[in-house]
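Participant: For the record, the sequence lines run as chains A, B and C.
The opening position of the first sequence corresponds to residue -5 in my numbering, with each subsequent residue numbered one higher.
The opening position of the second sequence corresponds to residue 220 in my numbering, with each subsequent residue numbered one higher.
The opening position of the third sequence corresponds to residue -6 in my numbering, with each subsequent residue numbered one higher.
Since the hints were made in silico from the structure, they are not lab data.
All clues stand as given, with none of them false.
Below are the BS3-like pairs computed for lysine-lysine, each with C-alpha atoms no more than 30 Å apart in a straight line: (1) B:261 to B:286; (2) B:286 to A:276; (3) A:85 to C:24.
With the C-beta cut set under 10 Å, the calculated list includes, among others, these residues of chain A facing chain C: (4) 9; (5) 10; (6) 32; (7) 47; (8) 72; (9) 80; (10) 106; (11) 120; (12) 130; (13) 140.
Glycine included, C-beta positions come from ideal geometry on N, C-alpha and C.
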Amino acid sequence: MMAGLVLDGLLALLVLAVAAWTIGVCQTFAATVGFTVYGLLLAVVWMRLAAPDAALTEAAIGALTGVLLLRAAIQLAPSEAGLNRLRPALKLRLLAGTLAFAITATLAAVVFHLPEPAPTLVPQVTAQQASTGLGNAVTAVLLAFRAIDTLLEAVVLIFALVAVWSLAPDAAWGGIPGAQIKGGSGDVRAYLSRLLPPVGIVIAFYIFWVGADFPGGKFQAGTLLAAMGLLATMAGLIQPPPVASRGLRWALVLGTLVFLALGLAGMPLAGAFLAYPEGWAKPLILLIEAASMLSIGVTLGLLVIGYPAGQAEQ
Amino acid sequence: MSLLIDAWTVLAVFSGVFFFLAGTVGLLRFPDALTRLHALTKADNLGLGLIVFGLLPQAVDVWMALKLIVIWLLVLIAGAVVSQRVARVARAQESGQ
Amino acid sequence: MTSITLFGLCAAVLIGLGVYGLIVNPQPLRKILAFNLIGSGVFLFFGMIARRGAASGLGGDPVPQALVITGIVVAFSATALAVALLLRLDAAGGPSGLDDAVDGES
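In isolation and in its complexed conformation, chain A is listed as follows (with noise of 0.2 Å):
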């Protein structure tokens, strides 16, 4: 118990010492590496407080994070070097952080009077969890119990996709996303965009598989599907379909569509909006992930690419 305790604190320091690194040290390219850092090390913060479906989306996540951070952080290192000397005075430094403080201060006054005993919802989720079929209570939260959070949440990443197409300027509109790269096959990049994707697809699968009983699921695996296909982007060895393709935006809407038929589907079958007939909702379930895996990988991939650059600007 001590030693957990221990290690616990540890593990807490090393996270906010890298946190303040990433906000204090001067060069902003260090700064994304530190929070890429950052990003794994709340991961085993997740799985220290025995959440490890979030330890995996915080992981698989963070490191999209990372790379989208990386490339902007060397595409705008010019620009931001530039502005390292209209760091605020002294006077306003310290004004913010007194802000600051207060704000941690409050908070930490909230985590010492928190209700006791603590509020929970396992008792209902574990007495409703068998009508589901999942043994993982996690995914039973996010597909059946809550599910319009995640059928929502689906649509704010296709909205994030479209806002960031439209950037795009004129001439490039319905072209290819992200700037032309150029890959030798001989590059090591190369090498592992052919060695790691069917290790990586597999796993994928694998995740989204487990998921209904163990931690794991269509977030995940749609996360690594993403991963994968960066992974050959970046390379150079394949292209993103051009924005305009028909067949690309099927891919990005296909898991809503199916989340939102067989929700409506709920309505004359089960008596509720997206609510599951009886003994059919695992099946169902398994039905809606495979789908929403398929169009969260498609659309987070793209969220990294970027907008159609065109010629024009390089």
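Go by the hints and put chains B and C onto chain A.
Facilitator: Just chains B and C now, kept in the frame of chain A:
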């Protein structure tokens, strides 16, 4: 028997941690990018290998053991590729100066 | 003092650090980073609340955990949008900072 297995786990994991420590010291102390990479990859590959070796007898079934080995292999591949990329950038910068 | 309280305090400090960075760092990309730090602190708060709700064999309350998972993915999509806006602004030769002073110079 189980005591022997536990002793093996403790021994192997501790030696693994030692290699991680050595690698980190190398990363902090070595003079340039290439030697730092050398310290990092050698130590981490061997260190993680020893940790996985130590944990293998603790696996509840064959699948768990296989997963541990797959993790080690994936880290080996990722480490090798990333160091190659970093080294290439480092060399390009050196010759550029 | 338990591990749960410890991580709750860690989350509180992370949010404070994020707020400080958001105000003090002049570079827009660093502000996005700081904002993500605030976000992860809030998620960690959820994680602590979930862990407190552990009961009948479950290590934590699955409802806040599920909310955090959707939250992490949505935070990523927001970050991607913010980064894309920034890159587009840069490509268009727009102001690189948020201050009026920078606008005047460029």
